[in-house]
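Heads up: the protein sequence lines correspond to chains A and B, in order. Quick note: the first sequence, position 818, residue 818 per the numbering used here, numbers continuous. Quick note: the second sequence, position 23, residue 23 per the numbering used here, numbers continuous.
Careful, some of the hints might be misleading.
[To be verified] Estimated spans, in silico, between C-beta atoms of each pair: (1) A/D338 with B/R234: 45 to 55 Å; (2) B/R95 with A/A51: 47 to 57 Å; (3) B/E135 with A/G68: 23 to 33 Å.
[Claimed, not checked] Footprint (simulated), chain A over chain B, 3 or more residues, beta carbon under 8 Å: (4) 55-68; (5) 230-244; (6) 248-262; (7) 275-281; (8) 285-291.
Honestly, the hints are just simulated from the structure, not real lab data. We put the CB at the ideal spot given by N, CA and C, even for glycine.
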Amino acid sequence: MRVCLLTHALTPHEVTGVENHTAQLAAALARAGCEVQVFAPCPLEGTWRLAQRVEERCGYEVHWLALGERRPDEEGNEPGAAEAFGRYLDRERPQLVHAQHLIGLGPLLVAEAKGRGIPFVFTAHDAWLVCEEYRLLRPDFVALDPAETDALGRVFLARKLLDRLLPGADHQGLVLERDLNDEGRALLADVLDGDPRTAGFESEEIEGMRRRAERARSARLEALRAVDLVLSPTEFLAEVLRSGGVEAPLEVEPCGIDLAPFRELERTERAPGAPLRVAFLGGVSKHKGLHDLLEAADGLEGVALRVHGTSSDRAYSERCRALAAAAGAEWCGPFTHDELPGILAATDVVVVPSKWPENAPFVIREAFAAGVPVIAADVGAMRESVRDGVDGWLYPAGDVLALRARLLQLAHGEEARTVDAPRSVEDQAAALLERYRGLAPSESERPRARLEHLEVLTRRYEAAGDMSWKELVERALDGYERLCTELSPGASSARRLTRALTTGSKLGERLAEGERARAWLGRAVDESRRSEEELDARARWQEESQSALAEQAGWLKEQLAAREREVEAVGAERDAARAEREDAREERAQVATDLELASAEARWLKGQVEFSEGEVARLESERRSAHKDLEERTRATEWLEGELAERDRRLAHAARELEDAERARDALRKESEHRREVGERTREEADWRGEVLSTREEELAEERRRSLGVEQELAEERRRRLGTEEAREHLDAEVTWLRETHDALRDEVAFLRGEVQAREEERARWAAQMESLRTQQERLLEHELWLRGELRRLLDAISGPSEELPAPDEVAERVSDAVEALGASEPEEGEG
Amino acid sequence: MKLSILIPALDDRELLKESLPLVLTEAAVMGEEWELLVIDDTGAGALRDWLQAEFPLARCVERAVNGGFAAATLTGAEEAKGEVLCVLNPDVCIRPGFFEPLLERLEGSDVFAVAPLVLRDGEQTDESLPELVQEDGAVVIRRAAVVEPGAVAPGYEEGYPVAFALGGAFLVRRDEFMAQAGFDSLFEPFYFEDVDLCWSAWRSGRRVVVDPRAVAEHSNRGTIGAHVPKRLVRASIEKNRHLFAWKHLDGEALEAYLDGLGEELADAVASEDRERITWLTLALDQLPESLKARRRAQALPRDHSATVSTLIKSNSIRR
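When you get a sec, could you build the whole thing from the sequences and use the hints?
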């Protein structure tokens, strides 16, 4: 498979992360069997702009496009770059393009590949795809939302303002607070957050910048739509791209590094008591945060900081250099990739103090490959690279004190536990090849037009594509010759081609231009030769003058020697005095420096102590508060337990009361039966029972009130203690049981009242019957008396008055006899 | 039957859904004097049932194999019953009052083909009033002028003479079209076949005109652009540009072309421009057929009268 790795820059012209990675990836893909070409821009270096040259490297080719200084248009497209890439694609016919970065080239290159039906993969190493300000930082280091084109337009304005405020300074779109005076800071704030007109910008310019930001963003997103696959090395960046508007298929594919240089690495371990060897490696730019590290390491004992790197931000670089000198750090300057393993072998910890949302810095992987832990600012996707406390440490980005504290801890013994080897570039290449195969069919599976009438042309076109360059050109030239012969035998093709090369053809113009350039160079060479001769003549004259001067100098030297001897004696005395004074001064300076260092250290330690004391006081206060809270909770728990026990006791008492009530009710039942037999005593008994029952009712009402109270307490308990659900259910059950018991008792009372009522009614009936019987009895007694009177009278009439009254039976006999004797004489009605 | 409307199509249902109702509405004013033939060039009978259901007034003519625009148009012409053929692409939408002026213009015996004013997004392009010119010897199509749509300016009552009528929207007599077996197969698979047809007519003393009273909108959303890689489309255009020159150019224009080709070749070799060389080799593959076509063209009754020489000489040679 023929793959083109497309990148904005490549080693050796640029040596930062993506450029090194692209070179490593190209070599790894080549080792995996790919035919790899890297298409990358290079400086002009004596060639024509947009000229293309091929360089053979180990296993792959680099197709250089000479661009020189770039001036991309507002949409980020470098004029002529896309067309040049198109020419490269037509010439080399790669089956897939995998872009690593397009900054300085432009999104139009995507269309060149897609227009030719070539699958396009894009690995995003930062947020450039969704925001021209790929660091996602405003000049004042505030985060920038890629979807906010208004904010980006303000960033463009702010850069113009900085050009104005810092003339000659290479601010690179970021400014530290101390770089501006109060007025400058106020103007910058107006441009970024307020009304940019106060900083002298016209409304049209403000609107123009906003529109430019929109156009730049739309151009990128439009180009991206055609991309077949976007790869992000981290989840963090993938999310930034998604939220930034990337709609193309997007997957995470971590980057690997070439582990070979680190495999045989012999580390020089830190000697006991030796200072901690700390290294910063990479670009010396504001967003990389070196100044934070230098500030944190300033005056730290037991820490030896070395700064390896270079910068195009000259002003910042110089400031950092001065800071490094003041902090006692060693400024090592630029380094090559080959030197990196050696640097890391003598490093105990690497610091990555970035200020911008980093994606996946290669320096972290390289440090891990060398077994070196990393201290990283917790920003962007750093968490995905460094496991805090495992293979390194994270600290809040920009928190110099936290970084300083970490360095101090490490200087005094703390060590990382595990530093695993990072992913290898071979592993990444194998994964990428799988993806490539899914996107680009192999040579034999090349897509053919589905339309049958296109097959002939497609076949012939592909056949031409398979021809070597030489074969194709020969075929064209032969054909041209035949054509000329057939159509215009008068002028041969050779004559026409000669004419083409010598007259005003494009090639002729190009050649003529070349000739002109050569002539100019010739003139320049002649001129420089002339200058050289002049310089030689001047040098000869200078040599002669020098020899005359040397003679003069000899004489003067002798004179001087005599004077020197004279002075020597005086000088010896003076030197002795000066040496003494110098020693004293040095000693004083050393003491002053020591004092200053000690004072700074003391101040810092004091600050640390105060901070720690504050922390301890705060923790103590929190502990007391927690303890108090615990006690309150314990008390509340105990009270609630007591309440529960009390309720249990009351419930037991209520149960006993109810049992008593039941027993009383049974006794009452018996009593009631007994009362039924003894009517008169029933009412008293009923009254008594009524009283007992009303007492029971009152007790029940009281119990119900207590139940209500229990319910309220239960609700309270529910709010306070969520975990007492079972107890609540148990109490609810008891309340329910009490309610049921109460209802049963109420029914029972009602039943007994009915019984009492019935007994009273029965008693009343009995009383009425007894009254009636008494009346009858009295009447009977009266009647008996009357009858006795009548009998006496009859007896007296019959047998004469007698002293004694005969017995009743005897009287009855006598009466019967008398009645029979009387015959039909009937007594008057109503008298009986 | 007066008019047969031919629409060669692939599985372009979405386009036909837009264009056919307009065609049917415009054709309706001609009573029974028309027919609509949609030539299904899919080779798979993809359109018959759909047309039957959606546009029963359209007759579906199926090709057994996919043959391309030229072959499909010829199939349609063979099946057509009308005296006049109106060839339309599926992505061409006609505007009201389309047929009448074009049919009227074709009544002139010297007119071989007539085309509407073709717009894209309402704008006039190289397709609207095309002329042929030579740039560095190569034959290129340029817009001759801009005219007012829907009107005929004084002096152009006979229509605007154009180098060719766009194949995607033109009218021609059926018998004349069939007499030369439709488009020349030399130009397969596509592009320049319409230029060749009309240029041959000009060489025979006939005229090709645009009548701006008839207007059509060409959205260029046809199947070729959607299904064929752009570089293959470009290769076909450039190959046929060469073949057209080989078939038709003579004299000074031919010399200019051959010189320009020499320069082009030298420049492409020097700048390693593989594509340009490929286009030439694709054309050279067809050199024998193109020479035969050239001989046929030269054998036609020729009329290098003022019209042709004006079109070629005044416009074309810019070196």
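Tested hints:
1. In this structure the hint that A/D338 and B/R234 lie 45 to 55 Å apart at CB holds, the actual value being about 46 Å.
2. The given range of 47 to 57 Å is respected by B/R95 and A/A51, whose C-beta atoms sit roughly 51 Å from each other.
3. Look at B/E135 against A/G68: about 31 Å separates their beta carbons, and that is inside 23 to 33 Å.
4. With 4 residues bearing a CB less than 8 Å from a CB of chain A, the stretch 55-68 of chain B meets the requirement of three and the coverage assertion stands.
5. With 6 residues having a beta carbon nearer than 8 Å to a beta carbon of chain A, the stretch 230-244 of chain B meets the requirement of three or more and the stated coverage holds.
6. Check result for the stretch 248-262 of chain B against chain A: holds, 6 residues qualifying (beta carbon to beta carbon below 8 Å, three or more required).
7. With 5 residues bearing a CB less than 8 Å from a CB of chain A, the stretch 275-281 of chain B meets the requirement of three and the coverage assertion stands.
8. Residues of the stretch 285-291 of chain B lying with their CB closer than 8 Å to a CB of chain A number 3, which satisfies the three-residue condition for coverage.
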